[in-house]
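Protein chains: 4
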Amino acid sequence: MEQMIDSGVLAAENEKRAPALEQDYNTLGEKLARRGISIDDVTSKVAAYGVAVPSWGAGTGGTRFARFPGAGEPRHIFDKLEDCAVIHQLTRATPTVSLHIPWDKVDDLSELRQRGEALGLGFDAMNSNTFQDQEGQEQSYKYGSLSHTDAATRQQAIDHNIECIEIGKALGSKALTVWIGDGSNFPGQSHFTRQFERYLEAMKSIYAALPDDWRIFSEHKIFEPAFYSTVVQDWGTNYLIAKELGPKAFCLVDLGHHAPNVNIEMIVARLIQFGKLGGFHFNDSKYGDDDLDTGSIDPFRLFLVFNELVDAEGATDFNPAHMLDQSHNVTDPIESLMRSAIEVRRAYAQALLVDRAALTGYQDDNDAMMASETLKDAFRTDVGPILAMARRQAGGAIDPIAAYRASGYRQKVADERPAVTGAGGGIV
Amino acid sequence: MEQMIDSGVLAAENEKRAPALEQDYNTLGEKLARRGISIDDVTSKVAAYGVAVPSWGAGTGGTRFARFPGAGEPRHIFDKLEDCAVIHQLTRATPTVSLHIPWDKVDDLSELRQRGEALGLGFDAMNSNTFQDQEGQEQSYKYGSLSHTDAATRQQAIDHNIECIEIGKALGSKALTVWIGDGSNFPGQSHFTRQFERYLEAMKSIYAALPDDWRIFSEHKIFEPAFYSTVVQDWGTNYLIAKELGPKAFCLVDLGHHAPNVNIEMIVARLIQFGKLGGFHFNDSKYGDDDLDTGSIDPFRLFLVFNELVDAEGATDFNPAHMLDQSHNVTDPIESLMRSAIEVRRAYAQALLVDRAALTGYQDDNDAMMASETLKDAFRTDVGPILAMARRQAGGAIDPIAAYRASGYRQKVADERPAVTGAGGGIV
Amino acid sequence: MEQMIDSGVLAAENEKRAPALEQDYNTLGEKLARRGISIDDVTSKVAAYGVAVPSWGAGTGGTRFARFPGAGEPRHIFDKLEDCAVIHQLTRATPTVSLHIPWDKVDDLSELRQRGEALGLGFDAMNSNTFQDQEGQEQSYKYGSLSHTDAATRQQAIDHNIECIEIGKALGSKALTVWIGDGSNFPGQSHFTRQFERYLEAMKSIYAALPDDWRIFSEHKIFEPAFYSTVVQDWGTNYLIAKELGPKAFCLVDLGHHAPNVNIEMIVARLIQFGKLGGFHFNDSKYGDDDLDTGSIDPFRLFLVFNELVDAEGATDFNPAHMLDQSHNVTDPIESLMRSAIEVRRAYAQALLVDRAALTGYQDDNDAMMASETLKDAFRTDVGPILAMARRQAGGAIDPIAAYRASGYRQKVADERPAVTGAGGGIV
Amino acid sequence: MEQMIDSGVLAAENEKRAPALEQDYNTLGEKLARRGISIDDVTSKVAAYGVAVPSWGAGTGGTRFARFPGAGEPRHIFDKLEDCAVIHQLTRATPTVSLHIPWDKVDDLSELRQRGEALGLGFDAMNSNTFQDQEGQEQSYKYGSLSHTDAATRQQAIDHNIECIEIGKALGSKALTVWIGDGSNFPGQSHFTRQFERYLEAMKSIYAALPDDWRIFSEHKIFEPAFYSTVVQDWGTNYLIAKELGPKAFCLVDLGHHAPNVNIEMIVARLIQFGKLGGFHFNDSKYGDDDLDTGSIDPFRLFLVFNELVDAEGATDFNPAHMLDQSHNVTDPIESLMRSAIEVRRAYAQALLVDRAALTGYQDDNDAMMASETLKDAFRTDVGPILAMARRQAGGAIDPIAAYRASGYRQKVADERPAVTGAGGGIV
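The listed protein sequences derive, respectively, from chains A, B, C and D.
Number 195 in UniProt numbering belongs to position 195 of the first sequence; there are no gaps in the numbering.
Number 335 in UniProt numbering belongs to position 335 of the second sequence; there are no gaps in the numbering.
Number 73 in UniProt numbering belongs to position 73 of the third sequence; there are no gaps in the numbering.
Number 86 in UniProt numbering belongs to position 86 of the fourth sequence; there are no gaps in the numbering.
A hint or two may mislead.
Same chains, same names: a pair is fine if it fits in one copy or spans any two.
[Unchecked claim] Here are the simulated SDA-like cross-link-like pairs (lysine to any residue), alpha carbons at most 20 angstroms apart as the crow flies:
#1 243 to 273
#2 105 to 380
#3 45 to 309
#4 16 to 33
#5 31 to 380
#6 243 to 275
#7 45 to 406
#8 204 to 119
#9 174 to 204
Source of the hints: derived by calculation from the structure; they are not laboratory data.
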């Protein structure tokens, strides 16, 4: 396996932190043992948990106002793959990359697949793009794509999605994620029902092209880029889509795509109950689809989502896809993705610590106090040593950000990759 | 028919306003004729449109902090019926009353039915109550009702709902509305899935007792009285309920029961498309379930809801139930209900004026500007003369509030009904 | 005066609509006369009301996901001025243009001023830009501008604002609007107090450079482009700024910059009461800072804002600045700006119709019903004929959008101005 | 000191948990020592931190729909004091009680004061009540109190507040908290400015009666019980009040009284910066003013508030008042108050662990990643052993809820105090 970060640097960084980790891990192990929990079992489960990295997350994001690129911005998917390899090398938590077409389009797919293999990375769900117009594209998506009033535009969007499946097949992917920006900006602009019927019809054409061992994920979002109505606006509509399409169709939950105050973990539970939870786009947010680092704003909410997932673990056919989806405007994208991968594992580890037998008892007895404290006890546990041990045992870094900074990787790629000037946002 | 408001007073009030009304009506008629619309056709449709009044709306409402009763508070369902008769006499828009059990329970149902008939009032959907404990009740609803962990409590709630059906049958009602406050206040308190399974099982028992020509309406609400999770939290869950139960089950939309910013008219369109729109609880709100007078905060939103309803008019089996559901804390409840009935008709009349052929053309052409202006043109039309003419032609008041005030009804009932002192709210 | 739209086309369009307008105006005049209102007085007031157009509004806007340019996109401020001249010629409501520096920077300011004069346009408030990096700029605004931790970056932002004042002086502007994107994306990233102190200090330097007859407007916004905290996040902070700076400093209210559910008209009232209302950026929104056409989502809210303004009219030193600020993603920007200028005048006309003496009486008597109906009566009045008559009497169009479409202006500029390809949004 | 919980029971409970606590405390001590922190210093600070308990919190709360009382509901302030004594005995964190007049009115104030002393409890801020009508009250607060249009009603509200000051003086309190429900339900109902002027005038009368060593706290709230506008709607208005009144006037922040998504910790920072932070009403919420147990929904937000407080510690005249204010609808109020007192201390302890020198460095360098991780590191630390040790060393319980349950206190008071039947909510 090609290593992006020098193994000597990594070893030296780990060595500095190993004694404290050993001590903290043992101490935590004893504490958990008092609760009847084997820390090593938890560590094993955490080590087996992976989350996909979005290829586009490797570049600096932006807003409609501006984008402020950093040093060493990746120029294409091969650069992005190397950045993703850094993330996985240090965290051991991100074994796959999710591609976005056409941003990641290449001439030679086998070269891409081999590059992934060389870097120890597989390919997760494919992402299509019908929310932007590409140079030379015949039909414009200004007024929609899969739900457009014009049949030729819909067909172009269908064809593009099928092309994404074809690319994915060559890369070993097993899923297609469809997020569209279709909607309207003004009351009256679109007829809700006819628009949704067109969407469903188009999705059925894509579904028909889906291989038997693939899944298709539709993604809901309350608003943006449409500001009055959005075709797939919430999980209710998303569920109807998955139901209409068939057994290979599932709902994707992006944590930042809901109305204010909405109880997301309950949506997760409902989708699990009705067999339609496809997976997640993890990130965090305070206002809208802020796409901040996972767990950075409301870590308890993230834990509550994982509480539902752990509760459902072991059920037949329960296999949700986990992916980060963030926009890194003020941090080094590699650092943000590493931190977020760690946070997802943290929430998972905390959720594994919930005493579910006790919880069920409190729930049955309507002991609201002890039921909620049971969750809180798990959440409050500082599982950092478990996460660090899982990384270290798998050859990763005890402290990935420190090791990354020590490695000088960002400076190295900044030297190799030309500087990018800040592109203006969409407002002008 | 027994008239609550003296016909002489009413006639005198109308006489004062008739000349101006004639003039305004004719003028508007000419204006609409230029658009190819017959004003009399619109007036006829408006005249045929009725909305149910909730019996509990006749009393002054309150908050958890306090309730400030007004003069002449109704003491029981017979007083409430008389107040409702005033509303219908003056507006001609509220031919039915919706009862709430046990608040409106009586010993002699045929007496109640006859009293309704004497006052010209029918009985709309029955409303059950499992969100409060009643004196002498065996099981408490403190921790839920239809979804309670305890089977005996669920059975009590089921039985109560079946009792409501029985009462409704005796009164000529054809529907049962089920709103429950079940949910949880803290993460962990309830297991989302098991709780919802218990709810569905209980609802199936109620559904089994539903006569063939009845419908059952479930109502969703994002929060309150539960403050962390609510069993029927949104239209997605509500749709699943209606789907699980069967063809007589439908979703009720209360305009104040959604998360901030949510596009309610799109939810209405989705439920229509999938055959599960049961009807409405009309009111208006700015923050939460504020239960303010319909159309008082965002009249354009109300219009957009009616735009969807008029768009769907004529479809097979499309027959949603319309009811007001408000809390009148600072106004005379009779006045607020009259005004709200007028506002609902106003939105209906405006929606009837939408040039749907032109709208479809603009939508197909993605002419967002003209599509949205087409809706706005209809909304901006001052349809007041149509509403007034529909009332007057049916024997109601040109200006219901003025006629009501002139009648002295409130003072009369204040003299007859004992004064009520302000009950404290729920906070202590 | 140079006319962008052929006067013959305009006259022909008006001729078609004049008879109906005359009739509707007279009819409305009679109706208002019954309420004791002279329609001509209202028309005069409306005719005297103008709103500034933002130069950047003439181009198609976008989101962080994409921008879909239309035909004939303006290439520079001279093109934009011509588009603005169309808007003013047809609506007679937009006598001034608000510039944005550096987007509208030119070498020869007197040429620009003369071009404005030739087109009958004056120059409203100047807008500085420290939320984007410009080619060749020494310091980056990635981590802030006026509140940046680095003194050199703050100085650069100060200098830029002073440059905007200098440009404005040459053009006859009398105000500077300062909106910054400064804030943070993560808890801890910025120290709230030190950051705000730096901002205040920088603003004091700008204030010191302000001519005596100028005003400076600061603008608050809850979020975007910063997603955890924003330095000027709400009117409370904005008020403190205006207070700290001095008598020439005022608060600017953008209707889309508040938290969900916030009562904006009350903020307007508070700022008026404490002498710090500087003016408005008008637009409409459903979710966040959606920047939709004014009045397109919640026209009653717009009316309520104008109700406060009319209520305060006549007070000493009450002279708020009115400007549109929108992003036109799916409409022709000229059409959207014309419509919005009309809507602002509509809300103003409706607010002029409020019977303020009656309203005060109802308020004093706590007659919530009649007080709210008094506002509603004014809002429901279809003042379209007043607006059209005001335009026509001033040489504008009875139906500006129809006249604009008839003129073929968009096609003409599409032929003259090179096509623009869709720039990608900020996300990649 | 009179002990409500048997010391033997408490000792036995503590004995069971002491060995594990010792071990965990020592382990944490070593871990903190590695960061250069003395655990005992933190424990001392935590031990010195107290939060006031609201007397009304001892009873079961409710909603406008219903109230479900528990066993042993306190009948009057003397019962409530005993319950508060339990809370303080076990947590050692709640040395004072905050009274609400007239709910806690007694004939003999010295008896009340002595009872407090006997139980080891002092008296915190006094709370007035002008949001409910009391039996026999001359003027009604239906349409407001301190801002009412009627002078006699305002005077009655002023007199009541002055009476609260008098009572407080007799009890040793040093502050008056004024929260009013005044506002309006419909646009137009109230004139914003005249209403606020009346409020300010009334508050000045109360302020004039304030002893020199007292403070007056005004409290803002976005909505409820008024549903369109609220006189003191946000911190901006609240700041203006404190500024207008004078140096003894400060703003009280209730964590549940803000619009959705609002950054509360920044409001705290602004009020500190401008010298007007009076204190807190702690609770947690997901939707509105849910009044849930502190830290139960978003513990990280609570931590961020304390991060601001610790950052400001040591500044001159910085002495905010801390009080719980919750509604306990589904839990034993004593348990909820104990848990919340613990959570407040937890957030305080975590905030004490923030490496502020490092944080300042990261902030100055715009190292958003490390700055936010610095806060997170502190938040993730499981400070439970510190909290438990602080309680134990002060004679409290290692596990207050377990000790409380073991004591049988609730059953004891259930036997002594008559059962209460569920009062209906405010809706009927």
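Each hint tested on the structure:
no.	hint	in the structure
1	243 to 273	both (13 angstroms within a copy, 14 angstroms between copies)
2	105 to 380	neither (44 angstroms within a copy, 41 angstroms between copies)
3	45 to 309	within (13 angstroms within a copy, 39 angstroms between copies)
4	16 to 33	between (27 angstroms within a copy, 17 angstroms between copies)
5	31 to 380	both (13 angstroms within a copy, 16 angstroms between copies)
6	243 to 275	both (10 angstroms within a copy, 15 angstroms between copies)
7	45 to 406	neither (29 angstroms within a copy, 37 angstroms between copies)
8	204 to 119	neither (36 angstroms within a copy, 54 angstroms between copies)
9	174 to 204	within (18 angstroms within a copy, 39 angstroms between copies)
In this structure, the earlier hints numbered 2, 7, 8 are contradicted, and the remaining ones agree with it.
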